[in-house]
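S.K.: Listed below are the residues making up each chain.
There are 4 protein chains.
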Amino acid sequence: MPSSRNSRIPVGILGATGAVGQRIVSLLADHPWFELIELAASSRSAGKPYGDAASWRLSSPLPEAIAKIVVRGLDSESGEFRSKILFSGLDADIAMEAEERLATAGHAVVSNAKSHRLDMDVPLVIPEVNHEHLALISVQRKRRGSNGFIVTNPNCSSTGLTMAFAPIEEAFGIESAVVATLQAVSGAGYPGLPSLDILDNAIPFIRGEEEKIEREPKKMLGRLASGGEAIDEADFSIAAMVHRVAVVDGHLVSVLVHTKQHATPDAIRRAILEWSRERALSSPTAPRDPLVYLEAPDRPQTRLDRDLGRGMTCSIGRLRTAPGGGIRFACLAHNTVRGAAGAAVLNAETLVEQGFLS
Amino acid sequence: MPSSRNSRIPVGILGATGAVGQRIVSLLADHPWFELIELAASSRSAGKPYGDAASWRLSSPLPEAIAKIVVRGLDSESGEFRSKILFSGLDADIAMEAEERLATAGHAVVSNAKSHRLDMDVPLVIPEVNHEHLALISVQRKRRGSNGFIVTNPNCSSTGLTMAFAPIEEAFGIESAVVATLQAVSGAGYPGLPSLDILDNAIPFIRGEEEKIEREPKKMLGRLASGGEAIDEADFSIAAMVHRVAVVDGHLVSVLVHTKQHATPDAIRRAILEWSRERALSSPTAPRDPLVYLEAPDRPQTRLDRDLGRGMTCSIGRLRTAPGGGIRFACLAHNTVRGAAGAAVLNAETLVEQGFLS
Amino acid sequence: MPSSRNSRIPVGILGATGAVGQRIVSLLADHPWFELIELAASSRSAGKPYGDAASWRLSSPLPEAIAKIVVRGLDSESGEFRSKILFSGLDADIAMEAEERLATAGHAVVSNAKSHRLDMDVPLVIPEVNHEHLALISVQRKRRGSNGFIVTNPNCSSTGLTMAFAPIEEAFGIESAVVATLQAVSGAGYPGLPSLDILDNAIPFIRGEEEKIEREPKKMLGRLASGGEAIDEADFSIAAMVHRVAVVDGHLVSVLVHTKQHATPDAIRRAILEWSRERALSSPTAPRDPLVYLEAPDRPQTRLDRDLGRGMTCSIGRLRTAPGGGIRFACLAHNTVRGAAGAAVLNAETLVEQGFLS
Amino acid sequence: MPSSRNSRIPVGILGATGAVGQRIVSLLADHPWFELIELAASSRSAGKPYGDAASWRLSSPLPEAIAKIVVRGLDSESGEFRSKILFSGLDADIAMEAEERLATAGHAVVSNAKSHRLDMDVPLVIPEVNHEHLALISVQRKRRGSNGFIVTNPNCSSTGLTMAFAPIEEAFGIESAVVATLQAVSGAGYPGLPSLDILDNAIPFIRGEEEKIEREPKKMLGRLASGGEAIDEADFSIAAMVHRVAVVDGHLVSVLVHTKQHATPDAIRRAILEWSRERALSSPTAPRDPLVYLEAPDRPQTRLDRDLGRGMTCSIGRLRTAPGGGIRFACLAHNTVRGAAGAAVLNAETLVEQGFLS
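Sequences listed follow chains A, B, C and D, in order. Using my numbering, read the first sequence as starting at -3 and increasing by one per residue. Using my numbering, read the second sequence as starting at -3 and increasing by one per residue. Using my numbering, read the third sequence as starting at -3 and increasing by one per residue. Using my numbering, read the fourth sequence as starting at -3 and increasing by one per residue.
Keep in mind that the hints were calculated from the coordinates and are not lab data. Wrong hints could be hidden among the right ones.
Unchecked claim - Calculated cross-link-like contacts (lysine-lysine; reagent style DSSO-like; alpha-carbon spacing at most 27 angstroms): (1) A/K110 to A/K208; (2) A/K110 to A/K138; (3) B/K208 to B/K256; (4) A/K44 to A/K80; (5) C/K256 to D/K256; (6) A/K256 to B/K256.
What the hints assert, rightly or not - Stretch by stretch, here's where chain C covers chain A in the computed footprint (C-beta under 8 angstroms, at least three residues): (7) 186 to 197; (8) 241 to 249.
Claimed, not checked - Over 10 angstroms on every C-beta distance to chain C, these chain B residues come out as not near it, computed from the model: (9) P28; (10) K44; (11) R53; (12) S56; (13) I62; (14) R97; (15) H127; (16) V135; (17) N143; (18) F168; (19) G185; (20) E274; (21) L315; (22) G321; (23) Q350; (24) L353.
Just so we're clear, the structure is a prediction, and the values are computed from it rather than from any experiment. C-beta: ideal position from N, C-alpha, C; glycine also.
Using the sequences and the hints, build the whole thing.
M.R.: This is the structure:
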């Protein structure tokens, strides 16, 4: 990692004006390892100072130095990117081509988009869970004949869920899981969900979301196989029932899990705490505790607990048995921090620490 | 049923000033069969005109004639009740004794309180589902040596769930179910939940609620046994994960159900519609359709669908298979109408129709 | 007015798929005087059955017969309209030309759009307040050489305010007013305001709104002049401070008014009640009480009082003096009923009653 | 001020378990000048560790060291307080007697309660506005014959308003003001406002609030008179119209002000910025900018701007003229930080800096 502020790694953001892009900007504003030098967005924003192009929606103010950066376009006509790392908060339709092109051009593309998450040789990573999947990068490099690559983080709902699953899968093996989510409106981006759709309302549907939740955790909890060149997905089933609710940030997930080996709530609680101690990372964006267990009977709660560990800690509570077997619990993660922007920045930090950028 | 307004049955409300009591008042305001003559509440309210005693919270205005009724106390010192039917919106701690006492005194107590729901000889009834359980009334009458009795309606979350379960249990048999609820704040009464607890928040806990949801539907879907003197509860398991969300009225429930016989989403959809046609009742508060199926992929939604059938229709949607087996769907019921006040009034109408009040 | 259902007046809706259009559909669904036969919208919707073209957002279900009507385009290429009355829920940019064209073609255009509200010869009408302004129709007819005309209703915030002002202006004369609004998100249409903009938030700005509030009431409270061919606007000043808040429907307005003649809160209260009795209309959509005064110290409240008179009654409360002089009060009107769709339907009914359609 | 952590001043909190008490705890958790050693609450909490006694409602976690402090009672039977400064978040009815008693006993009572705000010799202080009013302390000391005293901060709505008024009063003189507030539910404490009262609702009433807003700013903007022994209140009138809205934190206030000398929006804007530069303090809780002016046409907004300056900066926007004369603007302050807990801590810091504690 960089030894001084002067040797910080130049980084850029693709889709910098969107909701995820703004969060990444705010996380990189004063980052000890990364220096934000490039902001790219659609042609509508290109050429404008970022402060004018972005309709800044965060309660933390936009740093003045960044407000002055002139936004560039995404395409090659706008010239080559000078950044080593390009964070991507692009929409899926644009991300598909642009990320591939920029990886081929030699950049480390650290993406929050869904487009390449399930590609065979693209790591889908939560560093505390499966940083060893980064080995797939060498497969990409071979395929493209370039030093560039794509690394992705999971969907905002898959994130907390996978972090909660990790210690259970490791200690007891997961047989199957039923998952109900209560998701924040910020997960739909901006402008995203109309206010008339969510005030005094709850919606039992988010397009494409259940499919992601049912697939992504299995890839992340899978094992490197074929000499490190592929992932064997975990073999349990996940049935998701998603809901949008009237909260700003924070995805709350209730889970009923059946384990392969017998597990008590208390044993799972201990596995969670031990896993959190062992897997905690030390890079700038990593929280001291990736997982915490909240003892109060009515926690985690979205507004009260989403900011734990500056939004990077996933909180778990209400571990209890279930009629018909299995163990129930609730878990919570900040969807735009741990589930999107913070996830990407932590992935980038892990890439630096593990030498993938040298 | 009464042949004219002059022969309407005199009825009263216990706990008339509370949230459920107010809803019952509004449903009885212009009822063709029932004449509201008595309003009882705690000693704090007794002696005041109802308009002063109740802090009226409904958007439909309080009828002036009812506003003038002087509230009486609950105890016998306040004199005997003159009503044939006493609706009870009492808190559980008070209901236990008061309802028993008033049934013994000869009244038909139609209660929304949980206190007697699981008593062996007390019918727990949704008329379209299990009005035949009213046969238990004769057991009560024998036990007390009085013509009075207690009939109860289920908890607000159990209601929609049981209505959705009924056609599935009947057609395919239920093996097990996992249930996640998103419940309105009105379910907690008034003042109930502090606003600081729910604005921009979701809470994965409601005291005592999961236990009710896991038990009550099994009693209602049970069969009359022992020559009509007891209920054999249905034998499937229900695992509930409850949540409070920021909606005023309406409990949305997502369900994963495993059936004994193979069932497709389409077969369940047909069973639901057929059941609804066959079981629909014709008394004043009964909706034309006890169940409706909404075809749109994102329905039912709490605010948009809770008022169907003036709050008495339960809506179902999103029937689909699940990874790992089973069928998923969402259902919605208005918690203070179909799940509380309307439930009680419909129970009373059914008692009249079936001759239990003559 | 029509003597039987068979002689109902054929009517159509321009902009039928939008938020206001949907409300008009629901108000006309079973109207005794009007028969809804035409639904027009943009070319994107034209040719589709209304049930498919409109994303129905109301909690009252869309009537099946109307769902089957095939939506037509707005332009003349889609053929001539057969409706005598055309309700317009069009966006302002489209309304300007389309409404003028259709009035010239002989239709009675009853519009909720702002485009022609301030035209010299276009009546801006709340029937209980200033139906005599309909005399301007003859000026329009002369100008166009056609029997058609445009009649408009005011902006949703101006509506309640003007109804509250009317008795005060009449009894005491208004010198000046300061007005603060708390407006519902439905006022911004659909999709309208992003949910991220309003959850846990309040916004002290709505584009163009203060200008409307500061002008429209003065036109409506003006007097017919020049032998009924023009309006002399009322001569007081209104200073508006608008806010968007997290409510679905209902615009709450707090007002400080200085009167020309001395007025006490109680005298104003009496003037309001007397005005309401005298001005109440009897057509189908008219409420029994155009204005009500709520005595409780904390009313009107948006959710509790917006539905009074099926959304057509404006409620007033908290009349009190102010330090520095003047009288303060709060008033509330349902913005999409009394402030938009219901306003248009009531205007049409008034046109029928006053013989402008024969 | 303390020269090292070892010489920190011992402080305690009265009413430590309430909403304001919790905020004070969180602000003192790591304070460089103050060491939190005593937590007092009602007899119901006394004897319990603070972590058990307080139902912690903040999203920042309760520090473990403080969670272990055993809560003491308020009365003298619980022994003498050892703290030099006692912060008071007491309810008004208890504060009246308790604060007087503890001031007489020699403590510096820094109170958020309303009880003594308008006492003739009690300073009501926002340090950037009127720290010179602290001279009244000597009058108190003389009266009580004790070194102790009471200093108060204003009501949460008066705070932002007074900060916005200060530069205007200083530069142009205020003639009169009309004020409309949109206030957060946290202003009502916990449990405070029932959720059923505020979801999808707005309420034009808060008991006692308008009176405070109409009086407190005038005391704070008054001048020391009678040789520093009394305050001559400012002589303008304030007419307040208050509203409760569905936001968690942050009071938004819209203002129409008439000035004695002619003022343009731009001149006021400059006066605000200059005042903010000149009056900014440097103690730990003081923000760099007491006031900021936001240029965007739709700011300040409650959720986006309440946390400026860690909740201690008051933001102003939308300066514009008004029909009928006067200048309009919107201002926003975090009600539980700048308007309550942070206000008290900043008052205490100012007392230290100005030598009132030596």
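S.K.: Each hint should be assessed against the structure and marked as holding or not.
M.R.: Outcome of the hint check:
1. A/K110 to A/K208: 9 angstroms, holds
2. A/K110 to A/K138: Roughly 23 angstroms separates the two Cα atoms, so the pair holds.
3. B/K208 to B/K256: 23 angstroms, holds
4. A/K44 to A/K80: Judged against 27 angstroms, a Cα distance of about 23 angstroms means the pair holds.
5. C/K256 to D/K256: OK: C/K256 and D/K256 at ~23 angstroms, within 27 angstroms.
6. A/K256 to B/K256: This hinted pair holds, its Cα atoms lying about 23 angstroms apart.
7. 186 to 197: holds (count 11)
8. 241 to 249: This one holds; 3 residues, not fewer than the three required, reach chain C with a Cβ under 8 angstroms.
9. P28: Holds, because the least Cβ-Cβ distance between B/P28 and chain C comes to about 22 angstroms, which exceeds 10 angstroms.
10. K44: 16 angstroms, holds
11. R53: Nearest chain C Cβ is 7 angstroms from B/R53, so the label is violated.
12. S56: 7 angstroms, violated
13. I62: Non-interface label stands for B/I62: nearest chain C Cβ at 17 angstroms, farther than 10 angstroms.
14. R97: Nearest chain C Cβ is 35 angstroms from B/R97, so the label holds.
15. H127: 27 angstroms, holds
16. V135: Check passes; 42 angstroms lies beyond 10 angstroms.
17. N143: 41 angstroms, holds
18. F168: 29 angstroms, holds
19. G185: At roughly 17 angstroms from the nearest Cβ of chain C, B/G185 sits farther out than 10 angstroms, so the non-interface label holds.
20. E274: The assertion about B/E274 holds, with a minimum of 22 angstroms to chain C.
21. L315: Label holds. Min Cβ-Cβ 20 angstroms, cutoff 10 angstroms.
22. G321: 34 angstroms, holds
23. Q350: 31 angstroms, holds
24. L353: Consistent with the label, B/L353 stays out of reach of chain C, its closest Cβ about 34 angstroms off (over 10 angstroms).
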